[in-house]
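The chain contents come next:
Number of protein chains: 2
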Amino acid sequence: MNIILASTSTLFGEQYLEYLKPELEKLYNGIDEIIFIPFARPGGISHEDYTTRAKDFFATININVKGLHKFEDKIEAINSAQGFFTGGGNTFLLVKTLHELKLMKVLKENIESGKPYLGCSAGSNIGGINMKTTNDMPIVYPPSFDCMGLVPFNINPHYLDSNPGIRHNGETRETRIKEFLTQNDIKVIGLREGNWIRKIDDKITVEGSELTKIFEIGKEPYEVESGTEL
Amino acid sequence: MNIILASTSTLFGEQYLEYLKPELEKLYNGIDEIIFIPFARPGGISHEDYTTRAKDFFATININVKGLHKFEDKIEAINSAQGFFTGGGNTFLLVKTLHELKLMKVLKENIESGKPYLGCSAGSNIGGINMKTTNDMPIVYPPSFDCMGLVPFNINPHYLDSNPGIRHNGETRETRIKEFLTQNDIKVIGLREGNWIRKIDDKITVEGSELTKIFEIGKEPYEVESGTEL
Chain A
1227 MNIILASTST LFGEQYLEYL KPELEKLYNG IDEIIFIPFA RPGGISHEDY
1277 TTRAKDFFAT ININVKGLHK FEDKIEAINS AQGFFTGGGN TFLLVKTLHE
1327 LKLMKVLKEN IESGKPYLGC SAGSNIGGIN MKTTNDMPIV YPPSFDCMGL
1377 VPFNINPHYL DSNPGIRHNG ETRETRIKEF LTQNDIKVIG LREGNWIRKI
1427 DDKITVEGSE LTKIFEIGKE PYEVESGTEL
Chain B
1227 MNIILASTST LFGEQYLEYL KPELEKLYNG IDEIIFIPFA RPGGISHEDY
1277 TTRAKDFFAT ININVKGLHK FEDKIEAINS AQGFFTGGGN TFLLVKTLHE
1327 LKLMKVLKEN IESGKPYLGC SAGSNIGGIN MKTTNDMPIV YPPSFDCMGL
1377 VPFNINPHYL DSNPGIRHNG ETRETRIKEF LTQNDIKVIG LREGNWIRKI
1427 DDKITVEGSE LTKIFEIGKE PYEVESGTEL
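Residue numbers (the working numbering), protein chains in the order written: chain A, 1227 to 1456; chain B, 1227 to 1456.
Next up, chain A with everything else stripped away, as it sits in the complex (with noise of 0.2 Å):
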């Protein structure tokens, strides 16, 4: 496999996936054409509009985007296409659409042949076991929570350290992953912004500018270096 699970798209005060670019070159090499998939984009700009943010990043490494919301046939344009990106939003459209279109499979199948994947956000918690460790709100009802597995984990993404100082009793972050690990015998792993999950063949290694929290059943959470094997 050659995938980049990433925290984010985009580095506040950045521009669009900016601070992947290098990283991106290296995933992408020698392919000069990626499906986009939009469908976790519930409103603000279209699915059109939002494959044109991703086409004018990815013009800068001489890549072409197609957007897959564009073909008639979604299963033969995944089985066709050199690689993918799946941009952020809301993963519980993200994993209604997919699952209603039958493409988790064709999609896992295809990035399993070793196609190249890039996920952002959302797009990353589709590469996790299921997507029960996603911030979004649930503003729709997905046919089912599992997602492509593609690493032997769940993503929290945007994974954010709970603020002291505020007045507020919302649960925190870490509470809530510790939450699901009362339901799941499932390790998470909350990628800061900045950080990303590089998979190569079957080595699967955490990246980026941060600490990584890793959560366990019965282990206290601990913190990992970029670079650390996962």
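Derived from the structure by calculation, the hints contain no laboratory data. One thing to keep in mind: the hints can contain errors.
When chains are identical, the list treats them as one kind, so a pair holds in a single copy or across two.
To be verified - Straight-line Cα separation of at most 30 Å, DSBU-like style, residue types lysine-lysine; simulated pairs: (1) K1404 x K1292; (2) K1296 x K1404; (3) K1404 x K1300; (4) K1445 x K1322; (5) K1281 x K1404; (6) K1281 x K1334; (7) K1300 x K1322; (8) K1331 x K1296; (9) K1322 x K1404; (10) K1413 x K1322; (11) K1413 x K1252.
Guided by the hints, dock chain B onto chain A, whose structure is given.
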């Protein structure tokens, strides 16, 4: 109907349910025992310990509390009860449990017959039309997101204004609720901590110390004062 749907059980720095005490004396006027529904609680404390916490508070207003988890025949327990209180926790777990035990409809019918109901946080989400505006993590997969519809809108508990100082690209609460409105034509009440919905017979008002933010399709979000009829 005679219900309170509160944003939170506990204000920052206060004791459990303390800020609602005068309201709860009115809500449960003439009642000496209620059923506590602890099923939102995924961990940390057991259903029994969670019930004890409610029991300790309600002892101060001379109301006995029995935990629903202790009853063999839970439908019969609900049908025989004088009133109800559903505590907070994880809404996915609460809704899954209520649907699987076939309790959502029987609870709704009992409340609609006039028995007093208090919900806090997840317990308030289930008073709305569906749970699609919860803030919780989808740690389990419920058979449906439908809730009791005691009020003709959805609730977003622990409503939190965005903090422009935060250097983080996760969605704000306002963005999430606006995304909900791209997929659903249901009014959403953003209930800040300190506020609650009060329904007496057919009259619904919002109460408490804060302004309340309301989101509707095709309108800019707007704020209403305590006492406003919804």
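Quick check: which numbered hints come out false for this structure? Going through the list in order, the structure violates no hint and respects every one.
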